[in-house]
Amino acid sequence: MSDKFDVCVIGSGPGGYVAAIRSAQLGKKTCIVERDALGGVCLNVGCIPSKAMITAGHFYHRMQHDGPTMGFEIPADIKVDMAKLQSWKQSVCQKMSGGVAQLLKGNTVTIIMGEATFKDAKTLTVKTNNGTQTIQASNFVIATGSRPIDIPGFVVDEKLVLTSTGALELSEKIKRLVIIGGGYIGLEIGSYMAKFGTQVTVVEAAPALLNGVADPDCVQVVARRLKKNGIEVLLNTKAKGFKKSKDGLDVSVEVGGKETVLSTDRILMTVGRRPNSDQMGLKSIGLEIDAKGFVKTNAQRKTNVPGIFAIGDITCQPMLAHKASHEGVLVAEVIAGHNRVYDAKSVPAVIFVDPEIASAGLMESECKARGFNDLKIGKFPFAANGRAVSMMETEGFVKIIADARTHVVLGVHICGPEASNLISEAALAIEMGARLEDVALTIHPHPTLGETMMEAAEAALGHAIHIIQRPLTTARPGTAPARPNT
Amino acid sequence: MATQNVKLPDVGEGVTEGELVRWLVKPGDTVKADQPVVELMTDKATVEVPTPYPGIVKELKFKEGDVIPIETVILILETAGESAKATPASASPPPPQTKPAPPAGATTIATAPTPSGNGMDVYPPVANANVLATPATRRLARESGVDLNQIAGSGLAGRVTRDDVIGAKGPGSTSNSPAAKAPMLQVPKPGFVSSPGAAEERVALRGVRKKIAENMQMAKHVIPHFTLVEEACVDELVKVRTQAKAAAEKYGVKITYLPFVIKALIATAREFTMFNASMDDQAGEVVYKKYFNVAFAADTPNGLMVPVIKNADFKTILQISKEIQQLAGKAREGKLALDDMKGATITVTNIGSVGGLYATPIINHPEVAILGMYKIYDKPVWTGQEFKRAQYMNFSITCDHRLIDGAVAANFMKAFVARIENPSQLMLDMI
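Going line by line, the protein sequences match chains U and X. Residues in the first sequence are numbered from 56 upward in steps of one, following this note's numbering. Residues in the second sequence are numbered from 65 upward in steps of one, following this note's numbering.
Any given hint could turn out to be false.
What the hints assert, rightly or not - Incomplete in silico selection of chain X near chain U, CB under 8 Å:
| no. | residue |
| --- | --- |
| 1 | Val186 |
| 2 | Val190 |
| 3 | Ala191 |
| 4 | Ala197 |
| 5 | Thr198 |
| 6 | Arg202 |
| 7 | Leu204 |
| 8 | Arg206 |
| 9 | Glu207 |
| 10 | Ala216 |
| 11 | Leu220 |
| 12 | Ala221 |
| 13 | Arg223 |
| 14 | Gly261 |
| 15 | Ile381 |
Stated by the list, open to error - To list a few chain U residues with every Cβ distance to chain X over 10 Å, as calculated:
| no. | residue |
| --- | --- |
| 16 | Lys83 |
| 17 | Val210 |
| 18 | Pro262 |
| 19 | Ala263 |
| 20 | Val268 |
| 21 | Val310 |
| 22 | Asn353 |
| 23 | Ala399 |
| 24 | Ile432 |
| 25 | His462 |
| 26 | Glu486 |
Stated by the list, open to error - 25 Å max Cα-Cα, derived DMTMM-like pairs, lysine to aspartate or glutamate:
| no. | chain 1 | residue 1 | chain 2 | residue 2 |
| --- | --- | --- | --- | --- |
| 27 | U | Lys83 | X | Asp130 |
| 28 | U | Lys182 | U | Glu314 |
| 29 | X | Lys71 | U | Glu388 |
| 30 | X | Lys233 | U | Glu388 |
| 31 | U | Lys83 | X | Asp403 |
| 32 | X | Lys233 | U | Glu486 |
| 33 | U | Lys338 | X | Asp185 |
| 34 | X | Lys90 | U | Asp61 |
| 35 | X | Lys122 | U | Asp61 |
| 36 | X | Lys71 | U | Asp61 |
| 37 | X | Lys122 | U | Glu388 |
| 38 | U | Lys282 | U | Glu314 |
| 39 | X | Lys394 | X | Asp185 |
| 40 | U | Lys59 | X | Asp130 |
If you're looking for bench data, these hints aren't it; they were derived computationally from the structure. Idealized CB from N, CA, C, for every residue including glycine.
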């Protein structure tokens with residue numbers, strides 16, 4: 056059986072399914088191929104299930120710690136039915152995945168479940184439950200994503216040595232957990248597991264957590280909280296291997312040339328993800344792939360093979376769902392003949408640790424590297440925000456970085472409650488080329504966490520209201536810099 | 065059968081894009097190598113672009129009115145494939161051909177990957193990280209073919225605004241002349257509401273007509289014009305020209321009055337340097353030019369064309385006449401090269417060859433003056449004792465009042481008319 060399509064999307068994650076829907080909207084005969092579950096890693100074993108677990112953990116933690124202060128009489132030991140929690144989490148995923156199926160069908164996208172391999176640049180064979188299907192398409196969109204990296208000495212079996220997928224599916228409480236890799240996935244899972252009572256140890260080879268991906272000031276706040284919540288963090292530490300012991304596992308680690316042993320019940324491997332470019336016969340059709348395994352694409356996400364596009368994790372960092380979705384829309388429109396390129400200024404990033412970290416635009420070090428030597432930086436603490444105080448979540452701050460010459464906002468870094476929901480304003484400001492004054496002079500509703508963004512902009516200009524800033528500048532509040540670059 | 069992509073070739077120096085005026089072929093047509101397939105408007109010239117390959121037209125990639133960057137595939141031909149004739153002798157190796165899918169089982173090394181970089185460029189290029197423009201403005205620029213990296217934004221902190229993009233799409237954007245740097249124009253675009261059922265026809269404004277419209281609008285918008293009119297007795301000039309005409313026939317050159325007028329104009333503009341100048345509005349400077357490239361307006365079936373006689377001050381009347389003849393011929397046939405119309409420093413419009421007493425021409429921006437010459441007519445002149453027949457010609461000089469005052473223009477005209485009336489004085493100025 057052979058089918059011909061205008062557009063064939065391979066992979067139904069947040070990149071692929073968005074590309075397929077937009078293609079169909081633009082009148083293209085479209086199909087989507089998925090080997091596992093619609094929605095990909097994001098909806099099934101990534102973003103969505105982890106957020107469900109994080110929400111549950113946070114809820115649980117707050118009942119225990121903040122509840123009594125607010126007058127709730129909470130028993131010291133709140134019972135958690137982990138199996139029930141799992142089935143609730145699973146229902147969330149199913150709801151989302153089902154939603155994707157409905158959207159695809161509603162847009163008349165043909166869904167093909169099976170493992171795809173390129174036979175040649177114009178033909179795909181898909182192994183389905185009912186045999187092999189051949190698909191021909193004028194355009195292919197590769198959106199097959201990424202998978203966790205292994206390191207020597209740790210073979211993942213998802214029983215004792217887990218990836219994020221296995222960790223999210225644990226339906227019993229684990230007493231001890233060693234997490235190898237102090238990146239955002241490890242810290243997100245470690246944080247909620249610690250809240251449910253697991254004794255968590257994070258092993259990180261670099262000298263800092265979230266090395267290079269988050270603002271150092273934000274990381275400091277989170278590191279403090281991790282410690283408070285009982286998570287042990289070992290920096291500059293290399294995991295060498297493990298063996299079974301009589302009451303679990305012994306992980307050998309090396310710190311400063313000295314080996315020590317950590318006892319644990321499970322190991323979680325979160326040392327990063329690699330693009331799935333070694334699958335599907337991508338090399339055999341002549342796709343150019345770089346040393347890190349990313350498929351090379353241009354600004355329109357065209358590969359070197361005509362008619363083949365690639366989007367999402369498989370193309371470049373950052374490996375984030377929303378970047379993939381943006382590219383999905385982009386390629387669908389390019390295929391339909393519109394002139395589009397990837398020209399977004401920032402990909403906002405969110406880390407769902409406690410408190411949350413979110414950022415858009417450049418970090419201080421990146422500003423300097425880009426030649427912005429003179430910066431205006433404003434920082435406003437959640438402790439000075441009425442809503443944060445009334446929520447009992449006052450840790451953290453909003454930090455806004457602008458070019459001192461033009462006041463154009465270059466980056467925003469938030470660590471604190473709902474940072475994930477606050478960052479979109481910053482992303483909009485950066486895309487619009489907003490100046491500090493634009494943010495400061497926009498009325499933000501009271502009492503909300505959002506006021507912190509306005510206050511941080513005011514702070515950068517030297518005159519925030521709800522923190523004491525001395526010395527006050529002689530300039531009139533709100534006046535432009537002496538010589539803006541106009 | 066194979067397919068062959070036909071790209072828009074590099075049509076001339078500095079040209080990066082053109083507007084599709086109309087297709088000369090339609091899908092299904094059989095075309096020969098070098099047969100014109102599309103009419104394209106670049107800057108001021110409309111050119112016919114030929115296909116380097118023979119074949120059957122399979123697909124037209126653009127529609128009329130689209131702005132197409134050079135080196136873009138404009139149409140796809142179905143070719144005989146293996147036939148040696150299919151490959152043009154002059155062209156470099158043809159681009160890789162898309163072959164039909166090989167039979168099942170065959171490996172696909174045949175569809176050799178194009179090297180990266182080939183066809184991977186996008187136009188306009190991606191705006192670099194420091195360009196300030198909202199996402200909607202970035203998209204507008206992309207769809208208008210405007211390169212944001214090339215625009216000095218007029219907004220706060222150098223922000224490129226929607227109006228900047230619309231302005232950059234308009235006149236002047238494709239040349240490097242000072243006009244390109246002129247402040248962005250914001251011209252209202254009033255509509256015309258037809259009454260229902262009125263006997264009217266709507267035709268898209270495009271091609272040379274559109275470019276003329278844009279240039280005229282910009283010139284009138286930027287330059288405060290004024291026109292001064294004078295008459296000159298051309299009895300002597302008529303005699304000189306009649307003699308010269310006979311002499312030049314030996315060289316096969318037809319001598320008109322235009323080269324004499326050009327010579328008189330150059331000689332006078334040497335005295336009055338502000339007539340051979342440009343305003344650099346952005347820098348706030350006047351640019352005085354030490355060279356004379358004289359443009360002349362030519363009426364053609366396609367509309368007004370303004371070819372340029374380069375370095376006219378170093379050319380003889382014979383040489384200028386010959387060049388006028390060649391350029392006018394090319395203009396009528398629509399074959400003027402872009403280079404033929406570039407770099408003018410002052411313009412002469414010869415309306416007299418058609419008719420009219422005098423006119424108020426529009427200056428060819430970024431020039432600052434345009435000379436009008438009108439028909440020769442007989443007129444009775446009172447000598448004191450009697451009426452005598454004399455031949456007269458009207459001239460007009462239209463000036464940019466920012467640079468040239470009325471009295472200066474009057475003095476300029478006086479000096480110019482003196483040269484026209486006394487060809488012997490004109491001889492003194494000749495190089």
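Tested hints:
no. : hint                   : result
1   : Val186                 : holds, 5 Å
2   : Val190                 : holds, 5 Å
3   : Ala191                 : holds, 6 Å
4   : Ala197                 : holds, 7 Å
5   : Thr198                 : holds, 5 Å
6   : Arg202                 : holds, 6 Å
7   : Leu204                 : violated, 11 Å
8   : Arg206                 : holds, 5 Å
9   : Glu207                 : holds, 6 Å
10  : Ala216                 : violated, 10 Å
11  : Leu220                 : holds, 6 Å
12  : Ala221                 : holds, 4 Å
13  : Arg223                 : holds, 5 Å
14  : Gly261                 : violated, 35 Å
15  : Ile381                 : violated, 52 Å
16  : Lys83                  : holds, 16 Å
17  : Val210                 : holds, 34 Å
18  : Pro262                 : holds, 29 Å
19  : Ala263                 : holds, 26 Å
20  : Val268                 : holds, 19 Å
21  : Val310                 : holds, 40 Å
22  : Asn353                 : violated, 4 Å
23  : Ala399                 : violated, 8 Å
24  : Ile432                 : holds, 18 Å
25  : His462                 : violated, 7 Å
26  : Glu486                 : violated, 5 Å
27  : U:Lys83 with X:Asp130  : holds, 22 Å
28  : U:Lys182 with U:Glu314 : violated, 47 Å
29  : X:Lys71 with U:Glu388  : holds, 22 Å
30  : X:Lys233 with U:Glu388 : holds, 23 Å
31  : U:Lys83 with X:Asp403  : violated, 44 Å
32  : X:Lys233 with U:Glu486 : holds, 23 Å
33  : U:Lys338 with X:Asp185 : holds, 23 Å
34  : X:Lys90 with U:Asp61   : holds, 23 Å
35  : X:Lys122 with U:Asp61  : holds, 18 Å
36  : X:Lys71 with U:Asp61   : holds, 24 Å
37  : X:Lys122 with U:Glu388 : holds, 23 Å
38  : U:Lys282 with U:Glu314 : holds, 23 Å
39  : X:Lys394 with X:Asp185 : violated, 35 Å
40  : U:Lys59 with X:Asp130  : violated, 30 Å
Checked against the numbered hints above, the structure breaks hints 7, 10, 14, 15, 22, 23, 25, 26, 28, 31, 39, 40 and satisfies the rest.
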